[in-house]
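One line per chain: the protein sequences are A and B, in this order.
1 is the number of the first residue of the first sequence in our numbering; add one for each residue after it.
326 is the number of the first residue of the second sequence in our numbering; add one for each residue after it.
Keep in mind that the hints were calculated from the coordinates and are not lab data.
Model, not experiment: these values are computed from the prediction.
Treat the hints with care, as some may be off.
Pairs of lysine-lysine, DSSO-like flavour, derived with a Cα cap of 30 angstroms [stated by the list, open to error]:
1) Lys535(B) <-> Lys509(B)
2) Lys616(B) <-> Lys509(B)
3) Lys616(B) <-> Lys550(B)
4) Lys535(B) <-> Lys616(B)
5) Lys509(B) <-> Lys314(A)
6) Lys616(B) <-> Lys252(A)
7) Lys535(B) <-> Lys252(A)
8) Lys550(B) <-> Lys612(B)
Computed spacing ranges between beta-carbons, pair by pair [unchecked claim]:
9) Val450(B) <-> Leu75(A): 16 to 26 angstroms
10) Leu311(A) <-> Ala605(B): 31 to 41 angstroms
11) Ser482(B) <-> Leu75(A): 33 to 43 angstroms
12) Ala446(B) <-> Leu311(A): 23 to 33 angstroms
13) Ala446(B) <-> Ser226(A): 46 to 56 angstroms
14) Ala617(B) <-> Gly307(A): 40 to 50 angstroms
15) Pro355(B) <-> Leu232(A): 49 to 59 angstroms
Cβ coordinates follow ideal geometry from the N, Cα and C atoms, glycine included.
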Amino acid sequence: MSVIASSPTERKATLSLTGSLAAGVGFAILALMLAHRGASTPIVITLALAAWAIAWFANVIWSRAEGLPPVLTRLAPAAVPLLFGLTLVFLWEVICVGLKVPTVLLPAPSLIMARLFASLPVLGADFAQTFVRAAVPGWLIGSAAGFLVALACDRSDFLRRGLIPIGNFISALPIIGIAPILVMWFGFDWQSKAAMVVVMTFFPMLVNAVAGLAAAGRLERDLMYSYGASWLQTLLALRLPAAMPFLFNALKINASLALIGAIVAEFFGTPTLGMGFRISTEVGRMSLDMVWATIVIAAIAGSACFGALVLLEKRVTFWHPSNRS
Amino acid sequence: MWDRLRRGGLVPVLTLTAIILAMWYLACLPMNRDLPQLARVEGLANRYEVAWGLERPVLPAPHQIIGELYASTIGTRLLRESADGLVLNPRNLLTHAWVTISATLAGFVIGVLLGIALAVAIVHVNALRRSLMPWIVASQSIPILAIAPIIIVALGSVGIVGLLPKAVISAYLSFFPVTIGMVKGLTSPDAMLLDLMRTYNASRTQTFAKLRWPAAVPLLFASLKVSISISLVGAIVGELPTGAQAGIGARLLSGSYYGQTVQIWSALVMVALLAALLVALITLAEKLTLKAMGARP
Chain A
1 MSVIASSPTE RKATLSLTGS LAAGVGFAIL ALMLAHRGAS TPIVITLALA
51 AWAIAWFANV IWSRAEGLPP VLTRLAPAAV PLLFGLTLVF LWEVICVGLK
101 VPTVLLPAPS LIMARLFASL PVLGADFAQT FVRAAVPGWL IGSAAGFLVA
151 LACDRSDFLR RGLIPIGNFI SALPIIGIAP ILVMWFGFDW QSKAAMVVVM
201 TFFPMLVNAV AGLAAAGRLE RDLMYSYGAS WLQTLLALRL PAAMPFLFNA
251 LKINASLALI GAIVAEFFGT PTLGMGFRIS TEVGRMSLDM VWATIVIAAI
301 AGSACFGALV LLEKRVTFWH PSNRS
Chain B
326 MWDRLRRGGL VPVLTLTAII LAMWYLACLP MNRDLPQLAR VEGLANRYEV
376 AWGLERPVLP APHQIIGELY ASTIGTRLLR ESADGLVLNP RNLLTHAWVT
426 ISATLAGFVI GVLLGIALAV AIVHVNALRR SLMPWIVASQ SIPILAIAPI
476 IIVALGSVGI VGLLPKAVIS AYLSFFPVTI GMVKGLTSPD AMLLDLMRTY
526 NASRTQTFAK LRWPAAVPLL FASLKVSISI SLVGAIVGEL PTGAQAGIGA
576 RLLSGSYYGQ TVQIWSALVM VALLAALLVA LITLAEKLTL KAMGARP
């Protein structure tokens with residue numbers, strides 16, 4: 001204790017935080033054990049509510065961070081949401097097991113994780129079909145195409161004034177609806193899903209890239225002009241770096257659109273694998289734990305891509321005010 | 326007049342639209358060349374004439390889509406007699422549009438109210454902000470639409486079918502943009518303005534009503550436009566997994582089962598019109614509200 005807390009107030013605050021955390025975990029474990037042994041519902045629910053209340057109390061202390069030693073204060077931005085998330089998963093588990101919620105309605109997290117590890121080969125094949133073959137190439141091609149058209153718009157003012165209103169209009173439309181047509185054109189396999197992703201990711205990149213290419217300031221452009229820099233030199237040295245926050249914004253939007261597009265397009269027909277295929281067939285068979293396992297995979301893949309893009313953005317746009325502290 | 330038109334966006338937009346339509350008409354022959362109806366037709370003009378009037382084309386010509394749209398809306402009776410009196414005719418596309426739009430609007434209203442309530446709570450409770458905001462941001466990276474079938478089946482297993490499950494999906498999709506936008510808007514007043522409210526001895530409620538809420542309204546409308554179109558997507562996708570009997574999504578699905586391309590395209594045009602109409606309505610409400618609040622253009 002004295003290692004991290006140096007003053008009496010810090011010691012007191014640390015004690016109340018660790019104490020409430022320990023009590024919360026203790027109550028939670030007790031509630032889970034009793035629930036899985038089939039104890040009577042009121043007891044389990046009371047224990048679970050107690051664990052929840054104590055965890056919330058710990059969260060309030062931690063997020064207020066008054067009198068806490070610096071180590072714990074620094075951990076707070078990550079620990080507080082993590083604690084909150086764990087509490088939610090715990091409540092989900094206890095409610096599902098304690099109240100004997102039917103699996104069709106909502107399977108318990110433990111059941112979902114067991115199913116996930118038991119069917120890793122199937123889920124891996126689905127992941128390769130939907131994510132590696134359809135979502136990633138579609139995302140790359142769609143974003144690249146959007147960027148190239150934005151460059152063309154940059155050269156031709158007429159094209160820009162004509163295409164941007166159309167792009168804005170199409171962005172507001174449910175583009176996902178053309179999935180059945182693309183399946184008809186490109187066949188049942190991953191090609192039609194990749195095409196769907198290309199169409200979905202094209203317009204966000206176009207609109208963002210055009211805005212980004214206009215983001216460099218008048219003063220800096222005049223400077224480049226006075227250097228006698230060509231269009232390409234100005235683009236590479238000034239306007240592309242200035243556009244990076246916009247491009248990354250589009251890439252992040254497109255990352256989640258790509259997964260959605262690839263999965264939903266599979267609802268309209270696939271060979272017998274793929275995440276969307278898995279979801280729609282297992283829903284038909286009422287084995288919701290498999291559906292949830294697929295969703296867990298999709299969520300992990302989606303957040304991993306998002307996180308990787310955020311890290312890359314921090315490296316590339318280190319000069320941006322939001323990254324300088 | 327001509328100068329203003331040229332500087333504005335109208336001429337470029339119309340030109341590009343015309344080019345796209347021309348390319349569409351030209352593409353009809355290459356796209357449909359493998360169909361049996363075209364096998365024994367000679368001469369380019371004759372081939373195009375056949376390609377623009379096929380019954381189940383790979384790519385229908387625009388006038389075929391408009392014709393189908395007309396035939397399935399104005400050309401079909403909207404109401405028909407049945408055992409329970411007059412009901413909406415399922416052959417009319419407007420019936421399906423209404424089914425989808427009612428779910429969209431119900432979900433949109435639920436989602437927006439939920440999103441605003443959550444944003445107000447997040448702004449006022451510090452612990453909630455630090456616990457919840459990272460999850461709300463992270464949830465953006467999850468393909469939420471994949472959950473749609475689960476919601477339909479789970480609610481169906483407890484006997485809730487029809488409009489409500491679709492509305493739940495729409496609400497779930499549409500509340501994220503509202504929450505994010507409203508948290509941004511409610512926290513947009515800077516320290517100076519908040520200090521001013523403190524010197525007036527304003528209570529939290531007064532600060533909220535007189536400073537935070539008005540500051541958030543422009544951002545609320547920006548979020549509403551995103552929400553309404555995503556809500557429409559949610560309602561359509563909600564109609565897919567169960568093979569719903571009615572709705573634009575069901576129309577798309579049955580069209581893709583039976584290869585009725587013209588039906589799919591006309592349903593798509595209908596969706597585009599609905600989306601444009603909904604966004605236009607919100608833009609109108611935005612203009613009126615901001616004008617009533619005294620915003621200067």
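- Which numbered conditions among the earlier hints are violated in the structure presented, ordered from lowest to highest? When the structure is compared with the hints, numbers 6, 7 and 15 turn out to be violated.
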